[in-house]
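**Q** Here are the chains, one letter per residue:
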Amino acid sequence: MTTAHELPVPLLSVRGLSVSYAAPRKGTHLGTGAALAEADLDVRPGEIVGIVGETGSGKTTLARATVGLVAPAAGTIAFAGSDVGGLRGRARRAFRRSGQVQLVFQDPLRSLDPDLTIGEIVREPLDIAGTLSRAERQERVVESLRLVGLDPDAVLARHPRQLSGGQRQRASLARAISTRPRLLFCDEPVSALDVSNRNLVLNLLDQLRRDLDLAVVIIAHDLSSLAGIADRVAVFYRGRIVEQGPIRDVLEDPAHPYTALLTASAPSIGDEDRLRPDQLKPAPDAPAWPADLGCGFAHRCPFVHDACADQPRPAPLPHAPARQAACHVATTWRERLAPPHPHKESA
Amino acid sequence: MSSQPENTLRVNDLQVSVADGLVAVQDVSFAIRRGESVGLVGESGSGKTLTCRAVLGLLPATGRVDAGRIVLGDGADEVELTGARRSTWDRVRAARVGAVFQDPASYLNPSLTVGHQLAEQLRIKTGLSRRAAHERSVELFAEVGLHDPAGVFHQYPHQLSGGMLQRVLIAIAVSCEPELLIADEATTALDVVIQAEILALLRRLRETHGLSLLLVTHDLAVVAESCDRILVMYGGQVVESGPTEEVLRNPQHPYTRALMGVATIGSWHRRRLDVIPGQPPAAGEDMPGCRFAPRCAQASASCTAGPVPVADLGAGRTSRCVLTTATTATTATTATTGQKVPA
Ligand SMILES: Nc1ncnc2c1ncn2[C@@H]1O[C@H](COP(=O)(O)OP(=O)(O)OP(=O)(O)O)[C@@H](O)[C@H]1O
Ligand SMILES: Nc1ncnc2c1ncn2[C@@H]1O[C@H](COP(=O)(O)OP(=O)(O)OP(=O)(O)O)[C@@H](O)[C@H]1O
Ligand SMILES: [Mg+2]
Ligand SMILES: [Mg+2]
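Chains S and Z supply the protein sequences, listed in that same order.
For the first sequence, position 84 matches number 84 in the numbering used here, and the numbering has no gaps at all.
For the second sequence, position 59 matches number 1059 in the numbering used here, and the numbering has no gaps at all.
Treat the hints as calculated values from the structure; they're not laboratory data.
Don't take every hint at face value.
[As the list claims (entries may be wrong)] If you want the footprint, here are the derived chain S segments under chain Z, 3+ residues with CB under 8 Å: (1) 122 to 133; (2) 142 to 154; (3) 221 to 227.
[Stated by the list, open to error] Calculated from the model, a selection of chain Z residues having no Cβ within reach of chain S, i.e. all distances over 12 Å: (4) Asp1027; (5) Arg1033; (6) Leu1056; (7) Gln1121.
All C-beta atoms in this analysis are idealised placements derived from N, C-alpha and C, irrespective of residue type, glycine included.
Looking at chain Z on its own, in the form it has when it is part of the complex (with noise of 0.2 Å):
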């Protein structure tokens, strides 16, 4: 191919419903270069969870993609994910995309060990023998940053505490090298200097094998650390997207601006604990338009007229926002500054 870089997951208007016409994820876009970290922020209920799950095939029983592409890999890699078969999923999950999600103990058996569920993993996947499946085992909860990992290898699920737990579940997700990783909150159980160490490894397997990473965390500190782009998330949508450095330094939707707003971002010297006020739609709540208009300061008649698009900015960024989209054309400043609604 050309030197382009490939894209590892490529999601196109993307639309999941929970239950019959309760549709809590519409209209998302995104793609993840090999090697590339993406971070997704957003409102508690905003649709994180689900959008990570459609991509893994593991929506709740009621949950379904209504609509959208889901596509793993390019050129002769390539996998078609939307309404993929049992048996693709066999090959492509934990081979090729790995998972940590929020609530780690409600992923893991607890009727077996936690070196087992590992090993396991291994000796199906990668085809290693018992012993040597052990071993590495061993040495994936050290690389975690677990103490005595040959004794947490016989531990239940029930005996580890929840930071350990999530250890484990990193070190099962990254076991067979996959191209993919989703982290969903995988690291809000740990303390920070594990955080930071975990972060480091990541960072390694993305050096290293090109993973790509989705990372979903509230922690903006940890998204500037180490993600290269940034997706908002509000109300079920992609509400802005761009590079984390220019997305947290020159926020463009009034709802990134909003939480940028309340947010002490790994300060502790800030003391205030704003809030941005108002209550988000509820998931599947049918608003014409713009869904943060309600709660938005700059809100006009316009914002809910009908659907609002997403605007290009250019510099790979976009926003979803009526006035971002009729100042396209111009300057990014003037869309910041411009606090009036355009008449």
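For reference, chain S alone in the conformation it holds in the complex (with noise of 0.2 Å):
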């Protein structure tokens, strides 16, 4: 029932994909399971999407496959129509020196030239495009920073150990954005940044996506910083997408127990009447189910019952279709939710 008139033509469609990592050394049973198990995922032009969802769930493996870091297993990657998935060899490079596909990745340290400068680490993409000249591109590294909220004097000779972690992470935010990429996916942008300047970078992505009709992915944590931002937003649990939707609709109304555990268990002050984590965690005495059978959250699950051995496919939701979640019970959880633990009654 999508409308398909209305909404444009993705920029960006991932079917099916799945991505395993080589098998570590010295016989440990991790590796062999997929890093990221049959991710289905749109992002048109001018859309926000975030992702959230467990540490180590295959987050940064979707994007790292998406800008042609890591070879799928199985699956495509179709950017712009054509599948660049399979991109192999010098057809692969030509597609990622073109800049069309930025990555902000998730460890600024880890991924900035310890060497460079500043000014040389924003301005190395536009050097491989090649497409402007010196000055144009001198002109763009200035105001790409300070569009992220650097003061470029400040800034542009330093090396990326003397700056703050907020102040290298809006740096590599400089460098994805110099190329004016036409789709941008960011791995924790605001993570190390006060508030203030989160919502600086939050609102330049924003105004990015009106003014360029850049589209955005951006992988959080902080469920507050997508809900001021994010059209849409996919849920990661154990290497699969378990629930995605409008990010409203999403956070107020899980339908996977799991994003019902993540929203319960985001700090916050004093808060009004959203489930409680303990409510969404097994009883104690609940018998055990082994972590490799069937659904991967069947083991946390309060929920967990003998179809949860069939591994369950994200499917429509009834009553929105514009959402979809992978459980045997998405709609009918709640029913059976434990009433709240009696010592917070206040009735």
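Each chain sits in its own coordinate frame; assemble them with the hints.
**A** Encoded structure:
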């Protein structure tokens, strides 16, 4: 029931994407499972999609696969209608050099070349793309730094280690936007920023998608920063997208029990009547469920039952077709919710 | 000693420069009591990380402590860390002070497995046997919520996600049961479920081991939930401090107020993304008087006439503002509502 005439064609369309890293040495059981399994995700021009989820659930892996840093084991990645997931060698390099897709890495200290100055770092993608004159490039560098709230005079000649964490994070964003990409993947772009600078960066992303029709994917753990800006959100758990949909609906009325646990666990100051984490965890005396059987969340889920031995597929919610969840009880678990624990009676 | 709660850390008039004459932290004083948790918040670039690094003797190559004192412990256990020798640091780091930093990957050796790094530290600092250190390491990895802790033991840093690395660092930091843990954005790369578990773990360590905590974070909701006191930094100085609840409910310094004004504090109902107008001073920028004055709506000539001292507001609260200085004697509420500049 998607209204095709309203929605622009996706700029990025990921289907059935799976990624596995090589098995680590020393016969450990890690590396055998996929870091990302059967992920479907669309991002349209001018749209901001948030990604939240468990640590180690494959969020960065999706970003890395999209920009061609890791090859998919299965599935397709279509950018502007052409498959880029299958690109190899020269074609892959050419696509990356074009600067159409930029990734802002999660850990700026690891990803920024320590021997370059901030000025050189921000200019590098422009040099590689090679479309602007020298003067234009320098101008773009200064402009990009200003946009992210950094004082060009103060930071241009410094090295990454000579900046604070939040300054570094903004420098890597400046680098990514300098080429005016069509798709921007930001892996935790605001995690090291105070609220004011966080909002400045989020406003900047919002403005870029409006002015340049930029498509943006923001990976974040801070639900409140995403709530202020994203249109849709995808929730990752153990290598799978367990839920996606319009952000407000997902955060306020989660369909997957993991999403519910996530929203219930977000730190808050004296919050009203939201669910509490212990209502969404199995009772201490509940029979143990094997961790690797069926749904990856089953062993932590208070609503686990026989059907959960089958990995649930993402399916549209009957009452909200724009939303998807991969849970056998997506629409019914609320009815089985344990009442809040008695110590917080207030009626 | 008396029944007075002992101090785990005392920092007095600390000044740190990052290059010749570039003073990035100035006049910073605070103390952390045994079992107490102190939140350090403030604008990006305000000197939070440098303050932590000074306490750990891990300033960048060009950085140094120009002035001030840093004292760990009280009474018989007291150690002066300012200008401490290498041998002192070797006894203090890990064993008495643990640290988790921003950018976890840069604090681990990329060519050794993470388990090896933790087990080595346990062997050296606590004298465990090889096997016991291995077992304890796996236990610690489980305590910080890593799935398959035995498998993680054998992994190299590049094979772990950002949040997994951060948990490895937390495990390493608490492994030798230090009295003080310095956590610089230690939970920012974690999902909120695990963040809540880590914060609960730290709370437990505070209760059972009297662990003291210096928690640097941008998340005011985290501070509200898990810190007894809060320090607010701006432009290299502590501009406000006090019991968390009081400060968040009734901030006194205009920067704290501005920060609270733009904060969402864990609410996703709020849609506006407000910013504090203007730019913070560059590190080392020479400014007479208040460093927030150029961005402050209530600024007057008296703000920049000379250095603004820290005003003691009573009840454990301080503020570095000419307005609060002027109203020290009166009640707190007049200062908040006193939007006018004193004549
Ligand atoms: N280079 C690698 N080699 C082997 N395994 C890897 C590698 N990179 C990631 N992994 C594994 O893949 C899984 C997914 O990692 P990924 O970095 O995508 O997680 P994430 O969702 O971004 O987590 P976080 O929120 O902690 O950053 C993890 O289990 C991780 O250990
Ligand atoms: N090695 C260095 N050389 C020069 N300047 C530095 C160096 N390290 C830090 N600075 C500067 O000192 C100031 C304080 O840095 P610090 O890292 O303490 O900030 P912070 O409060 O931790 O910020 P964030 O929240 O962004 O991590 C910043 O303006 C930074 O640019
Ligand atoms: Mg990641
Ligand atoms: Mg910092």
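**Q** Which constraints among the numbered hints does this structure fail? Numbers only, ascending.
**A** The structure breaks only hint 1.
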